[in-house]
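Chains A and B, in that order, give the protein sequences.
Start counting the first sequence at 1; every next residue gets the next number (this note's numbering).
Start counting the second sequence at 730; every next residue gets the next number (this note's numbering).
It should be emphasised that the hints constitute simulated quantities derived from the structure, not laboratory data.
Accuracy of the hints is not assured; some may be wrong.
[Stated by the list, open to error] The following label-pair restraints were derived from C-beta to C-beta distances:
{"hint": "1", "chain 1": "B", "residue 1": "744", "chain 2": "A", "residue 2": "329", "range": "49 to 57 Å"}
{"hint": "2", "chain 1": "A", "residue 1": "445", "chain 2": "B", "residue 2": "812", "range": "27 to 35 Å"}
{"hint": "3", "chain 1": "B", "residue 1": "739", "chain 2": "A", "residue 2": "466", "range": "41 to 49 Å"}
{"hint": "4", "chain 1": "A", "residue 1": "43", "chain 2": "B", "residue 2": "794", "range": "27 to 35 Å"}
[What the hints assert, rightly or not] Straight-line Cα separation of at most 25 Å, SDA-like style, residue types lysine to any residue; simulated pairs:
{"hint": "5", "chain 1": "A", "residue 1": "379", "chain 2": "A", "residue 2": "85"}
{"hint": "6", "chain 1": "B", "residue 1": "785", "chain 2": "A", "residue 2": "43"}
{"hint": "7", "chain 1": "B", "residue 1": "785", "chain 2": "A", "residue 2": "500"}
{"hint": "8", "chain 1": "B", "residue 1": "790", "chain 2": "A", "residue 2": "201"}
{"hint": "9", "chain 1": "A", "residue 1": "495", "chain 2": "B", "residue 2": "772"}
{"hint": "10", "chain 1": "B", "residue 1": "744", "chain 2": "A", "residue 2": "446"}
{"hint": "11", "chain 1": "B", "residue 1": "744", "chain 2": "A", "residue 2": "444"}
{"hint": "12", "chain 1": "B", "residue 1": "744", "chain 2": "A", "residue 2": "497"}
{"hint": "13", "chain 1": "A", "residue 1": "440", "chain 2": "B", "residue 2": "770"}
{"hint": "14", "chain 1": "A", "residue 1": "495", "chain 2": "B", "residue 2": "815"}
{"hint": "15", "chain 1": "A", "residue 1": "379", "chain 2": "A", "residue 2": "264"}
{"hint": "16", "chain 1": "B", "residue 1": "785", "chain 2": "A", "residue 2": "491"}
{"hint": "17", "chain 1": "B", "residue 1": "744", "chain 2": "A", "residue 2": "448"}
{"hint": "18", "chain 1": "B", "residue 1": "785", "chain 2": "A", "residue 2": "192"}
{"hint": "19", "chain 1": "B", "residue 1": "790", "chain 2": "A", "residue 2": "499"}
{"hint": "20", "chain 1": "A", "residue 1": "344", "chain 2": "B", "residue 2": "797"}
{"hint": "21", "chain 1": "B", "residue 1": "790", "chain 2": "B", "residue 2": "735"}
{"hint": "22", "chain 1": "A", "residue 1": "344", "chain 2": "B", "residue 2": "773"}
{"hint": "23", "chain 1": "B", "residue 1": "790", "chain 2": "A", "residue 2": "491"}
{"hint": "24", "chain 1": "A", "residue 1": "495", "chain 2": "B", "residue 2": "774"}
{"hint": "25", "chain 1": "A", "residue 1": "495", "chain 2": "B", "residue 2": "750"}
{"hint": "26", "chain 1": "A", "residue 1": "495", "chain 2": "B", "residue 2": "792"}
{"hint": "27", "chain 1": "B", "residue 1": "785", "chain 2": "A", "residue 2": "45"}
{"hint": "28", "chain 1": "A", "residue 1": "440", "chain 2": "B", "residue 2": "774"}
{"hint": "29", "chain 1": "B", "residue 1": "790", "chain 2": "A", "residue 2": "503"}
{"hint": "30", "chain 1": "B", "residue 1": "785", "chain 2": "A", "residue 2": "104"}
{"hint": "31", "chain 1": "A", "residue 1": "495", "chain 2": "B", "residue 2": "747"}
{"hint": "32", "chain 1": "A", "residue 1": "344", "chain 2": "B", "residue 2": "793"}
{"hint": "33", "chain 1": "A", "residue 1": "495", "chain 2": "B", "residue 2": "787"}
{"hint": "34", "chain 1": "A", "residue 1": "344", "chain 2": "B", "residue 2": "796"}
{"hint": "35", "chain 1": "A", "residue 1": "495", "chain 2": "B", "residue 2": "797"}
[What the hints assert, rightly or not] Some chain A residues well away from chain B (every beta-carbon gap over 10 Å; in silico):
{"hint": "36", "residue": "292"}
{"hint": "37", "residue": "331"}
{"hint": "38", "residue": "344"}
{"hint": "39", "residue": "401"}
{"hint": "40", "residue": "475"}
As the structure is a prediction and not an experimental result, all values here were calculated from the model.
All C-beta atoms in this analysis are idealised placements derived from N, C-alpha and C, irrespective of residue type, glycine included.
Here's the letter readout for the chains.
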Amino acid sequence: MIPRPRVFVTGLGAICAGAGSVVELRRLLLAPKRSFQPPTVFSTAGASAALPVAQVSGFDVTLPDALPRTHRLALQAAQEALAAGPAPDAIVLGTTTGGILTTEFALQAGSTSPHAYRFHGLHTVAEHLATSLGVRGPVLTISTACSSAAVAISVAAALLRSGHARRVLAGGADSLCRLTFHGFRELQLVAPQGSAPLDAQRAGMTVGEGAGFLLLESAPNRRAIVAEILGTGMSCDAYHATSPHPEGTGAALAMRRALQDAGLDPSAIDYVNLHGTGTVDNDAAEARAIKQVFGSRLPALSSTKGLTGHALAAAGAIEAVVSIIAISDGLLPANTGMQVVDEKLELHPVREPTRAQVDSVLSNSFGFGGNNACLVLGKAPAEQASIEVGTSPPPTDLLPPLRVAGAACLTARGALAETWKALLAGESVAGFVPDAVFSKAAPAAFIRRLKRLPRLMLALAQTALHASGRTSPPDLLATGTAWGPLAETQDFLRKLFETGDQFSSPMDFIGSVHNAPAGQVALLLGAQAPNWTCSSGDRSFEQALLCVSLAMAEGAPSALVMAAEAHQAHLSPLFDPAAATGPLASDGGAALVLLPDDGAPGARVRWLGENGKGEDCGDGAAVALCTQLAARVPLDCYDAVALSVPAAMGADADRELLRLAEVLHPCPVLAYRDRLGQHASVSATATALAARAVLEGALPFGQAPIPLRRKRVLLLLLARHATAVEVFA
Amino acid sequence: MPEQTDCLVVELARKMVETLGLDTTADLVDPAAPLIGAGLGIDSIDTLELVVMIEKDYGVKIDTRAAGVEAFASLNALAAYIRQRRSASSP
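Sequences and hints are given; from them, build the entire structure.
Laid out in structure tokens, this is it:
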């Protein structure tokens, strides 16, 4: 068997409370001193005013029009990781807050100008990095709550192994904001005296912020290597929206998967950097999981969140940097904040920074939605050791096509059958999905607390699975959503502002995280599978498809991939120009059950590529992507090109449309949003419909259906970062 | 003052059903039955939602596990808990 390509770390960047760089983080780990204090980036009132947070100092510029804090934290750590080296091929970023801190101020001030919200989207953080650093390849945004950065690193590793990139910047960033501060406070998860992980008297976490990045390479200069990603593992508890499984079942599964991926026995691990938030339930569940995996011979372990605070979506990357410092410096970091160990946990955390030989580290990250991700990091190969054959990834090749075993979509006209019928009759399916179409997706007791987006996702998941005839849960679950659960976000902030920052709703906070709908789908299906939520603006669906395609290229046997948006009357028009297009404003989405291409009849779907617009050429990103693809795929093999033109493209779209028609000539180009509706996940709907179209031999995206003689459709997204997906039979 | 107690219990039942989106009506909730684990399907997230509602609407905190056990024993117990803390904090 050919050894699979290896993934090396060649650069590090970090910023968190108490450390503005990797050098400072190293110093902090050697002489731990925490700097928790009440927040100053927003005002607090009443009892909450005294609650400490882990705020990064020296980042307090609050010009009204400034780039949001998350974006600035991310850029600083990203630049440190790159160390003035050439631009990476791709970025994979985990974030849950995006520009929400700025949005909160704008909403409270009553601003109704979309300009004030242009950096709200989670995807804008990575896109700002891409623009600043000159990155042209895929720019992915992962949002799986507190495991986001660890998931981002695992996606980046898979991207490197696939050969679709050779240098990837991967990590996470989150800033403090009122949503997370008050949300965790109302869940009674914030420790009044600061986090004390594993302590007998532990009373919660300390909400933090920061950014962390690893520069990952598949074939780097030997001397540049600082560590290696040996393995990654993901799982979903499928147990509860926020509480970990009490036995730590999901966490243990992710740890085992990471060790197996690394090909290591648990005894090979020298140190575990725990998720260790300091909440009663997390630490208890994690302790059980650790004992399940390691038995009675526990490695050295500690949580560093009592020192750095919990930087949420950045935590997994900051802690990957901590783990690499442990390896390179031979240092076991202390479990800062703990006074008296909780004997019931039966763990014996490192109490003081301790010198030791550390070759392999397991780093844990667990999040709301039951999203778990673990990384195994190892030391750089010895200077004299040769890097075996197989290290170098294959030349860039297409990812394998996947067979569509079942599909579902939701539009203003209803489900797939009704939508198809309306389109065949030349009618538009734009508009909002009627409640009656999807509100019976799950038992009333299951969905009573759920608002529009999770209900849409549950209905899509159920219908697609049913259509596939499969009864077992999928082996992979990936969802995409540009704007996340907006009703929950709006309700949480409205209640908070109405009460002078005193009261809101724990339920809405839990519901507001972008991966909450995916967590609900996993819960309903009992799917403990790796579970991604991609939040990448108009290409969220394409990135969810990329995540499962990478995993299926490495052998995963089945996947459910879906994307959806839920229109919210107040917020949607502020965030996405698509929602301000009158009768075209829409919501809904689609789901596909995917299997490996086993030769059985049916439609195939394949992710082809993502390309960002370069500053150096006149062409837009979609034209550049087509030119790039033409080298590998004969573009004249398609019967039609189905094109998504987001309203956000404005007048830029017209010029690029003309150029695209030239490049793709004589293949007809159909801009389908005029017929399918304007929303960020409509490309999922178009893909599900195209999967039917290639079987029926006609694509009904225009005035009259276009015949599909070769049964091949190319789906393109026109955007600053264009994507291409093909559907064929 | 049994009548006053009834008023608060009725009000709490209505707010609880509304806030939590329970699949029942306020008059069907037994004021003496345990709130948690007794057929209403109320879990830890619901109790936190109720904690916030009670502090916002009645100015009464439920901020320890012990207080939660006492307050959420039943609707009658919750009403009693609110009354007791309100009279204790009034001058």
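Structure-based check of each hint:
Evaluation of the 49 to 57 Å hint for residue 744 of chain B and residue 329 of chain A yields a pass: the beta carbon distance comes to about 56 Å. A hinted range of 27 to 35 Å for the beta carbons of residue 445 of chain A and residue 812 of chain B is consistent with their spacing of about 31 Å. Between residue 739 of chain B and residue 466 of chain A the beta carbon distance is about 43 Å. The supplied range of 41 to 49 Å therefore holds. Judged by the Cβ atoms, the range 27 to 35 Å given for residue 43 of chain A and residue 794 of chain B holds: they are separated by roughly 30 Å.
For the given pair, residue 379 of chain A sits about 22 Å from residue 85 of chain A by alpha-carbon distance, which is consistent with the 25 Å threshold. Restraint check: the Cα-Cα separation between residue 785 of chain B and residue 43 of chain A comes to about 19 Å, which is no more than 25 Å; the hinted pair holds. Distance hint between residue 785 of chain B and residue 500 of chain A is fulfilled; the C-alpha atoms sit about 11 Å from each other, no more than 25 Å. Of the supplied pair hints, the one linking residue 790 of chain B and residue 201 of chain A holds, its CA atoms being roughly 21 Å apart against a limit of 25 Å.
As the CA atoms of residue 495 of chain A and residue 772 of chain B are separated by approximately 22 Å, the hinted pair is consistent with the 25 Å bound. Taking the CA atoms of residue 744 of chain B and residue 446 of chain A, the gap is about 20 Å. The hint holds against a cut of 25 Å. Distance hint between residue 744 of chain B and residue 444 of chain A is fulfilled; the C-alpha atoms sit about 19 Å from each other, no more than 25 Å. Distance hint between residue 744 of chain B and residue 497 of chain A is fulfilled; the C-alpha atoms sit about 21 Å from each other, no more than 25 Å.
Pair hint residue 440 of chain A plus residue 770 of chain B holds up; C-alpha atoms about 19 Å apart against a cutoff of 25 Å. For the hint linking residue 495 of chain A to residue 815 of chain B, the alpha-carbon distance of about 24 Å falls within 25 Å, and the restraint holds. Among the hinted pairs, residue 379 of chain A with residue 264 of chain A is consistent with the structure: their alpha-carbon atoms are about 14 Å apart, no more than 25 Å. In summary, the hint linking residue 785 of chain B to residue 491 of chain A is supported, as the alpha carbons are separated by about 16 Å, within the 25 Å threshold.
A threshold of 25 Å between alpha carbons decides the hint, and for residue 744 of chain B with residue 448 of chain A the separation of about 15 Å falls inside it, so the pair holds. The straight-line distance between the Cα atoms of residue 785 of chain B and residue 192 of chain A is roughly 20 Å, inside the 25 Å bound, and the hint therefore holds. Using a Cα cut-off of 25 Å, the hinted pair residue 790 of chain B and residue 499 of chain A holds, with the two alpha carbons roughly 16 Å apart. With a CA separation close to 23 Å, the supplied pair residue 344 of chain A and residue 797 of chain B stays within the 25 Å bound.
Straight-line distance between C-alpha atoms of residue 790 of chain B and residue 735 of chain B comes to about 21 Å, which keeps the hinted pair within the 25 Å bound. For the hint pairing residue 344 of chain A with residue 773 of chain B, the CA-to-CA distance comes to about 23 Å; that is within 25 Å, so the pair holds. Distance hint between residue 790 of chain B and residue 491 of chain A is fulfilled; the C-alpha atoms sit about 22 Å from each other, no more than 25 Å. Restraint check for residue 495 of chain A and residue 774 of chain B: the C-alpha separation of about 17 Å stays at or below 25 Å, so the hint holds.
Restraint check: the Cα-Cα separation between residue 495 of chain A and residue 750 of chain B comes to about 17 Å, which is no more than 25 Å; the hinted pair holds. For the hint linking residue 495 of chain A to residue 792 of chain B, the alpha-carbon distance of about 20 Å falls within 25 Å, and the restraint holds. Simply put, residue 785 of chain B and residue 45 of chain A have alpha-carbon atoms about 14 Å apart, close enough for the 25 Å limit, and the pair holds. A hinted pair counts as satisfied when its Cα atoms are at most 25 Å apart, and residue 440 of chain A with residue 774 of chain B qualifies at roughly 23 Å.
Distance check on the hinted pair: residue 790 of chain B and residue 503 of chain A sit about 12 Å apart at the alpha-carbon level, within 25 Å; holds. With a CA separation close to 21 Å, the supplied pair residue 785 of chain B and residue 104 of chain A stays within the 25 Å bound. Restraint check for residue 495 of chain A and residue 747 of chain B: satisfied, since their Cα atoms lie roughly 16 Å apart, inside the 25 Å limit. Taken as a hint, the residue 344 of chain A and residue 793 of chain B pair is honoured in the structure, with Cα atoms around 21 Å apart against an allowance of 25 Å.
A distance of roughly 16 Å separates the Cα atoms of residue 495 of chain A and residue 787 of chain B; the hinted pair therefore holds under the 25 Å criterion. Distance check on the hinted pair: residue 344 of chain A and residue 796 of chain B sit about 24 Å apart at the alpha-carbon level, within 25 Å; holds. Between residue 495 of chain A and residue 797 of chain B the CA atoms are separated by roughly 23 Å; this keeps the pair inside 25 Å, and the hint holds. With 10 Å as the threshold on Cβ separation, the claim that residue 292 of chain A sits away from chain B holds: the shortest Cβ distance comes to roughly 24 Å.
Every C-beta of chain B lies more than 10 Å from that of residue 331 of chain A, the closest at about 37 Å, which supports listing it as non-interface. Every C-beta of chain B lies more than 10 Å from that of residue 344 of chain A, the closest at about 16 Å, which supports listing it as non-interface. Listed as outside the interface, residue 401 of chain A is consistent with that label: its C-beta sits roughly 42 Å from the nearest C-beta of chain B, beyond the 10 Å cut-off. The Cβ of residue 475 of chain A lies farther than 10 Å from every Cβ of chain B, with a closest approach of about 29 Å, so its non-interface assignment holds.
In summary, the structure agrees with every hint in the numbered list given earlier.
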